[in-house]
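Novice: Chains as they are written, first to last, in the numbering used here: chain P, 1 to 112; chain S, 113 to 222.
Derived by calculation from the structure, the hints in this document are not laboratory data. Honestly, I wouldn't trust all of these hints.
Stated by the list, open to error - In the DSBU-like style, the derived pairs of lysine-lysine whose C-alpha atoms are separated by at most 30 Å in a straight line are:
| # | chain 1 | residue 1 | chain 2 | residue 2 |
| --- | --- | --- | --- | --- |
| 1 | S | K157 | P | K11 |
| 2 | S | K221 | S | K169 |
| 3 | S | K115 | S | K209 |
| 4 | S | K115 | P | K65 |
| 5 | S | K169 | P | K57 |
| 6 | P | K57 | S | K209 |
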Amino acid sequence: EAAVTQSPRNKVAVTGGKVTLSCNQTNNHNNMYWYRQDTGHGLRLIHYSYGAGSTEKGDIPDGYKASRPSQENFSLILELATPSQTSVYFCASGDWGAETLYFGSGTRLTVL
Amino acid sequence: QQKVQQSPESLSVPEGGMASLNCTSSDRNFQYFWWYRQHSGEGPKALMSIFSDGDKKEGRFTAHLNKASLHVSLHIRDSQPSDSALYFCAASENQGKLIFGQGTKLSIKP
Numbered sequence: 001e002a003a004v005t006q007s008p009r010n011k012v013a014v015t016g017g018k019v020t021l022s023c024n025q026t027n028n029h030n031n032m033y034w035y036r037q038d039t040g041h042g043l044r045l046i047h048y049s050y051g052a053g054s055t056e057k058g059d060i061p062d063g064y065k066a067s068r069p070s071q072e073n074f075s076l077i078l079e080l081a082t083p084s085q086t087s088v089y090f091c092a093s094g095d096w097g098a099e100t101l102y103f104g105s106g107t108r109l110t111v112l
Numbered sequence: 113q114q115k116v117q118q119s120p121e122s123l124s125v126p127e128g129g130m131a132s133l134n135c136t137s138s139d140r141n142f143q144y145f146w147w148y149r150q151h152s153g154e155g156p157k158a159l160m161s162i163f164s165d166g167d168k169k170e171g172r173f174t175a176h177l178n179k180a181s182l183h184v185s186l187h188i189r190d191s192q193p194s195d196s197a198l199y200f201c202a203a204s205e206n207q208g209k210l211i212f213g214q215g216t217k218l219s220i221k222p
């Protein structure tokens with residue numbers, strides 16, 4: 001089964017602080033995605049990547065940066081965290097033209 | 113407005129009953145549709161995909177797609193307590209970037 005690992009599982013940050021969420025996949029998939037999940041909004045796409053060195057803006061990119069240094073790793077960076085970014089964040093991987101995205105177990109971020 | 117809208121928001125079905133979930137897209141560019149299921153504390157997992165008009169059956173799950181009305185549904189027969197979860201409809205233009213609906217919370221009552 002495809003494996004996507006996120007770290008940390010839980011994170012508490014202060015307003016204005018920098019937060020980095022990490023994601024690692026062992027599926028050798030080209031594409032990786034960052035979503036946030038909020039009640040009433042479902043899953044919303046923040047950033048995605050087609051391969052090492054590439055990042056693309058999703059539907060809600062403001063306040064977030066992404067980094068894809070290698071095929072396996074994709075990070076989400078909050079340079080100046082705000083309470084509105086309190087949410088559960090999911091990373092996923094998949095191949096172009098494939099039918100399925102494989103999700104990690106999520107990171108619960110609380111910004112105080 | 114979300115491009116993928118799901119209904120109902122929540123649904124309660126007796127064990128052994130039929131659960132029906134609905135999804136409508138507002139974007140005619142969406143050609144590919146998926147259903148994902150998320151149990152509490154876990155990430156979403158793909159249930160099934162449907163790309164052509166009509167029905168697609170996988171075990172107790174049947175998906176139906178009508179591209180003309182941009183409507184896709186999921187029907188679960190003989191519902192089990194383990195089917196209790198959050199169900200997401202997702203759509204894509206090109207099988208790459210997936211756009212998700214807001215989810216339907218399904219509860220199966222023993």
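Novice: So, for every hint listed, does it hold in this structure?
Specialist: So, going through the hints one by one against the coordinates:
1. Simply put, K157 (chain S) and K11 (chain P) have alpha-carbon atoms about 23 Å apart, close enough for the 30 Å limit, and the pair holds.
2. The hinted pair formed by K221 (chain S) and K169 (chain S) meets the criterion: a straight-line CA distance of about 24 Å does not exceed 30 Å.
3. With a C-alpha separation of about 13 Å, the suggested pair K115 (chain S) and K209 (chain S) falls inside the 30 Å cut-off, and the hint holds.
4. Restraint check for K115 (chain S) and K65 (chain P): satisfied, since their Cα atoms lie roughly 24 Å apart, inside the 30 Å limit.
5. Taken as a hint, the K169 (chain S) and K57 (chain P) pair is broken in the structure, with Cα atoms around 35 Å apart against an allowance of 30 Å.
6. Under the criterion of a C-alpha separation no larger than 30 Å, the hint pairing K57 (chain P) with K209 (chain S) is consistent with the structure, at around 11 Å.
In summary, the one numbered hint that this structure violates is 5.
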